[in-house]
Each structure stands twice: as structure tokens, then as C-alpha cells.
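Fit chain B to the supplied structure of chain A, relying on the hints for placement.
For the protein sequence lines, the chains are A and B, in the order given.
Residue 33 in our numbering sits at position 26 of the first sequence; the count goes up by one each step and never skips.
Residue 33 in our numbering sits at position 26 of the second sequence; the count goes up by one each step and never skips.
Any given hint could turn out to be false.
The list makes no distinction among identical chains, and a pair is therefore deemed to hold if it is satisfied within one copy or across any two copies.
[What the hints assert, rightly or not] Each computed DSBU-like pair below joins lysine-lysine, with the alpha-carbon atoms no more than 30 Å apart:
hint, residue 1, residue 2
1, 235, 110
2, 62, 149
3, 130, 159
4, 62, 278
5, 235, 130
6, 280, 162
7, 62, 235
8, 314, 224
9, 235, 43
10, 149, 278
11, 235, 94
12, 110, 159
13, 43, 280
14, 235, 162
15, 159, 94
16, 62, 280
The hints are simulated quantities; they were obtained by calculation from the structure and are not laboratory data.
Spelled out, the chains give:
2 protein chains.
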Amino acid sequence: MTSLRYALPLMLLLALPSLALAVDPLPSWNEGPSKKQIIEFVQAVTAGNSKDYVKPAERIAVFDNDGTLWSEQPAYFQVLFAFDEIKRLAPQHPEWATTQPFKAVLENDHQALAQSGMEGLLKIIAATHTGISTEAFIENAKNWLIQARHPKTGKPYTEMIYQPMLEMLDYLRSQDFKTYIVSGGDTAFMRAFALAVYGVPPEQVIGTTFVTQFQIKDGEPQILRTAKLAHNDDGPGKPESIDGIIGQRPILAFGNSDGDLQMLQWTAAGKGKRFMGLVHHTDAEREWAYDRDSRIGRLDKALDQAKTQGWTVVDMTAEWRRIYPFEPAVQVQVQ
Amino acid sequence: MTSLRYALPLMLLLALPSLALAVDPLPSWNEGPSKKQIIEFVQAVTAGNSKDYVKPAERIAVFDNDGTLWSEQPAYFQVLFAFDEIKRLAPQHPEWATTQPFKAVLENDHQALAQSGMEGLLKIIAATHTGISTEAFIENAKNWLIQARHPKTGKPYTEMIYQPMLEMLDYLRSQDFKTYIVSGGDTAFMRAFALAVYGVPPEQVIGTTFVTQFQIKDGEPQILRTAKLAHNDDGPGKPESIDGIIGQRPILAFGNSDGDLQMLQWTAAGKGKRFMGLVHHTDAEREWAYDRDSRIGRLDKALDQAKTQGWTVVDMTAEWRRIYPFEPAVQVQVQ
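Next up, chain A with everything else stripped away, as it sits in the complex:
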């Protein structure tokens, strides 16, 4: 409750809104080109007297997840979850001990696993992601996220998130943007942590989905996840789900790979001022360095298009003072 004691300072603050801008909204970003472009864009679309002003209801911002908000090496974290789930569930499936690709997962046989290819991976995903209710699946994902540790850093996966991007999400929300995740990951898997970790509520998480079935089991209604793919939220699937679920064209889109290209193109083609950004993984020491030749998170066509279209490309090494929240900030000189 407001009391008289606070009334005067409060009024001074209201009278001096420019004071608020003195606080750096992006402290983990060096004073490089990307930070400047982000802040200039946000100011241009939010200042009431700006020719580029956008109403709050239309300030839609979309972010890829893997490689854009958290790391994606040495494999997508959701795939590592699936492998661990196979091991956890193995006692209930004695046949897996002698059946590929499950045998390969149980024996950590990387060669056999690679040989099983995409078909093998889909079997692993089906066995761990479907045939249960959404509620039970999210519970499994939460349990894994609490216990599992990243093979390189030894940290929980939910700490392998990019501090600079967290600040950007917060900054946008403070300026009345609605921040969405639009990712190739499974929607329900991401909902297991998106609110706690990114501040993104379930209804703003869009991803790959399976066909579900409403059913009443033992008198209790539940939503069963079937093994049939409903929507693959990658590449062209991203603008398709944005159109289908959000129904408004974003004014800001951020990705890191060719799987984000169509989302960036769709965002760029709207009327008025737009922001398109790519995280470029250039930091082999603090994170990973990969782009055109990577099997995971390949950034090739989108990097070319970013250059010709003048999209923002974040040089992780030069522009991010810190990568993860658990690291100290490092001062890096930007050219």
C-alpha cells in the first residue's frame, strides 16, 4: 500500500522517466554493434513520439530455444533427456537389451547409435515422449532437469542458459513486449522449465507437437500423447506455427541456425521497423564454435542472408561479457 512517506520520491520518479534509462538493461553485453542495435530498435518502437511506434499489443518477439537461449552441444539437450529416459525405463522393457537402437543407448555404443540414424532416433523419441499423458511427460522432464548434469560443465541443463539473452527477454518484457519461444524442441518438454528459467509462460511456448487424444481413464480426463507427429516446428514450420498460434507477425525474431531462416524472413517481410538477430557461436573456449559445417545448429544460408539483409549477427566471443549466469563477467574489447 502506498503511504505518504513514499509519495514525494515516487512523484519525482514519475516526473523524471529518463532517469530509468540510466540503468543498463543489458549489462552482460559489451558495447558492441548488437547491443546498440537492440536498444535502438526497442527505443524506436516504444517511444510515443517515434515514427516507428508499435502499440504494446503488437510487440511480439519470438526466440528460438536450442542454441539461442541455451546451449545445444554436444547434442540437443532434449535428445540427451531421451537417452537418459531409455536407461531409466529399461527395467520395464527387458526386450531393449537386445533390440536396436535401445541396446546402443543402454550400452553407450555411439557407433551403433549413429548407424541407427534418424529412424533410430525417432524410435527413441517415441518410446520416451509418447504413450503417456502430457502431465506425466512434463513431470518426467522436470525430474530429469533436476537430476541430470551436462557432460562438459557438470551443471544442470537449466543453468546452461545465456545470461545476455535472459537480460534481453527481461528488457523486452519491461518494454511491454510479449516474448515467445518458437523452437524445434517438444512444446511440453520446454514448458517443463520455460517459466522458471526464462520467465516465459506455457501459452507462449511453441514447438514441435504430437497428436494428442482426450480420454477419460478411471474416471479421470487426461490428454494422451500419441506417437504421431502433429507439427514439426523447424524451418518453414516456424512461421506456420506463428501464423496459426500467435496470429500476429512478430516485430522481432532471434535464432541461431538455418532452421530459423524462414521465421526471420517472415518477420522481416512485415511492414514497419523490424529486428532480426542471430546468435553466432564463435566462442570455442567459453561455449562452442560452429556454424556452416555443423551437424547441430548449422548456420549457413541464414548467415549469408543476415549479411545481405543487414540482420544483427551476435559475435558471442566479442559481444558477450558472460555466457552463463554461473560465470563471472569478463570485459572484452570490441573493435
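The following block gives chain B in isolation, referenced to the frame of chain A:
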């Protein structure tokens, strides 16, 4: 900007929040059981000291559209739109003059149309709702909504909306509820008017969808609506889309037909206090009277379940002072 002149009254207002409750949030509802149940529910989940308190982020309310927020007689308005579109597009399709079911629409031949059945209707929907971009389709829907008039009232369809339900939507939003539409109607069709008419933004409109395709045409990216059904948002499809798109279980659901039963069951089965409501079309004079035997908006199983489960059933005749915004309010005596 706040000035000193307003500071004192503002503080008085802050100190006396109960003053605001003196204004009736539902003036078009008679003092019947439904109004009482709605207000009691909202107060129970919003009062900070209530044992049934629900955080604002979890105050999800879902509403069916046809027959719940606007009328659905003599046919779903979207079907009437499709018929009018066939007539508008006929010059570009000379073959329709001799091909069913298009010929029947062009000649207002109700018997031939009825004979063409669901298969015929789907052809009409495909011809008018697909094969174009989402943007172009919404433009067509908007143009129709401006020009078309309802055959009975002569009013634009966007005025055939229920004033009591508009008040309920406003009331819920004033109490930090997020109001969604979850309807068998086409998502993009509803987005053509939901914001202007109901105050529901595009990202809170969920409905039936077609598979879409992102494509670049003449250098311009677009989302093409194909004729393949992606999701039928009726019956079990409603809790399935709520789970898939919202990812949170609603605490309030409102419908009017058996197509809403599973959405109401799904809502009812959640933990904590819940509100389930049905609009019962009992008013042959001011609107329409239909329930168990109606072809459109059949209310049979859901009515039985409402009675056994104690869900709210709104008797339109007795409980609504006015139906449409264009009508004067009528004082009706509630028993």
C-alpha cells in the same frame, strides 16, 4: 502524468478498494443464480485472503464462440459466409453453375444443398476457406462482416453478440483473467473480428485449422492455407488444443452445446475451485429456443452432466436482461 492536484483523491481510492465493487460488473444479468455464481467464483479466486486464491498468471478462462458469445441460428455464421463467398467468387468459376454443391448455393436450392450433405459442405468450405493466404482470407472475412446482414434481424453479424457475455469477458479481464476463445469455428475467421468485437487478441483465439504452407511468392513470404484439415476444434478437440496451445488448465469454461462437454470436463477435473457454465437457449422470442433435438448447437449430454455436476446453466429468458447490445434492457422477474 500524475500531478499533486490528483494525489489526494488517488490515495483515498487506493485506501478504499471496496468502493470499486459498488459498480455492478454484470448490468445485463438479472439477479438470478448464474450472476451470483459467477461473481462468487471470481471473488473466491481473486481475493488475496481467500482459500481458493489463484495467481493472475493461472486465471485462464475459455469460451466457446457459436451460441456462447454470438448467435448460431439459422446456421453457423461462418457457413453463411461460405455461401456468400461462393456467390462472390462464382464469376471466376463458371463451372460452378452446373456443378453441385455450388449450383445449389448459387440457386438458393436448399433441398439440393441438404442432399449434398457434409461432403458438399466441406467442398464449399474448401473452395472459400483454402487455397489462399491467411492474410487474404482474413481480408475476405472482414469484408463480408462489414457488408453482410443477418436474415432475421437485418443486423451485421458482429452485432449479434451477447451483451451479458461481453460484460462477463470484461469483468474477468478486469480481475486479471486471460480470456480465450476455444471454438469449432475457423481460427482465422474468428480473428477477423475477435479483437474488435470481444476484446480477444489473435493469440487468444483457438479454433479449427487447416494445414498451412510457408512459401515465397514473387519474393514475398506468405502462409498458404491448404485444404487439408489440421485440427477439428470440437468435442475432444477442445481440451486437446487447450493442452497443446495454452498448456495450462482453465479454471473457468463456458459453452452451450455437447461440443463443449469435454472442455467442461477437462476444466472441472482440475484441482481447486472451478467454474463451468452453459448458455441455455430458452428464448424463442428474443433469440432462439433449442437444446436436445437441435441440429445446430445440440445441448443434451452436457445438459445432463451440468445438472448432476452442479455446473451453472444460464436460462437466457429469465437471466439475461438483454440479449444483443442493440436492444434495450428488459427487467425480467427471476423466480
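*What label fits residue 43 with residue 280 when the C-alpha limit is 30 Å: within, between, both, or neither?*
Result: close within a single copy only, 15 Å intra versus 48 Å inter.
*Taking 30 Å as the upper bound on the Cα-Cα distance, should residue 62 and residue 278 be classified as within, between, both, or neither?*
within (14 Å within a copy, 37 Å between copies)
_Copy assignment of residue 130 with residue 159, given that the CA separation must stay at most 30 Å_ = within (26 Å within a copy, 57 Å between copies)
*Evaluate residue 235 and residue 130 at a C-alpha cut-off of 30 Å and name the case that applies: within, between, both or neither.*
Classified as both; 12 Å inside a copy, 27 Å across copies.
*With identical chains treated as interchangeable, where does the CA-CA distance between residue 235 and residue 110 reach 30 Å or less: within a copy, between copies, both, or neither?*
within (23 Å within a copy, 39 Å between copies)
*If the cutoff is 30 Å on CA atoms, where do residue 314 and residue 224 land: within, between, both or neither? Let me know, please.*
So residue 314 and residue 224 pass the 30 Å test across copies only (22 Å; inside, 54 Å).
*Can you tell me if residue 62 and residue 280 fall within 30 Å by alpha carbon in one copy, between copies, both or neither?*
within (12 Å within a copy, 35 Å between copies)
*Could you place residue 235 and residue 94 in one of the four classes (within, between, both, neither) given a Cα distance threshold of 30 Å?*
Answer is within: at 23 Å inside a copy they meet the 30 Å cutoff, but 39 Å across does not.
*Can you give me the call for residue 235 and residue 162, within, between, both or neither, at a CA distance of at most 30 Å?*
neither (33 Å within a copy, 45 Å between copies)
*Check residue 110 against residue 159 for me: Cα-Cα at most 30 Å, and say if that holds within a copy, between copies, both or neither.*
Close inside one copy (24 Å), not across copies (68 Å); limit 30 Å.
*Evaluate residue 235 and residue 43 at a C-alpha cut-off of 30 Å and name the case that applies: within, between, both or neither.*
neither (44 Å within a copy, 45 Å between copies)
*Alpha-carbon proximity context of residue 62 and residue 235, limit 30 Å*: Neither way: residue 62 and residue 235 sit 39 Å apart in one copy and 35 Å across, limit 30 Å.
In this structure, the earlier hints numbered 6, 7, 9, 14 are contradicted, and the remaining ones agree with it.
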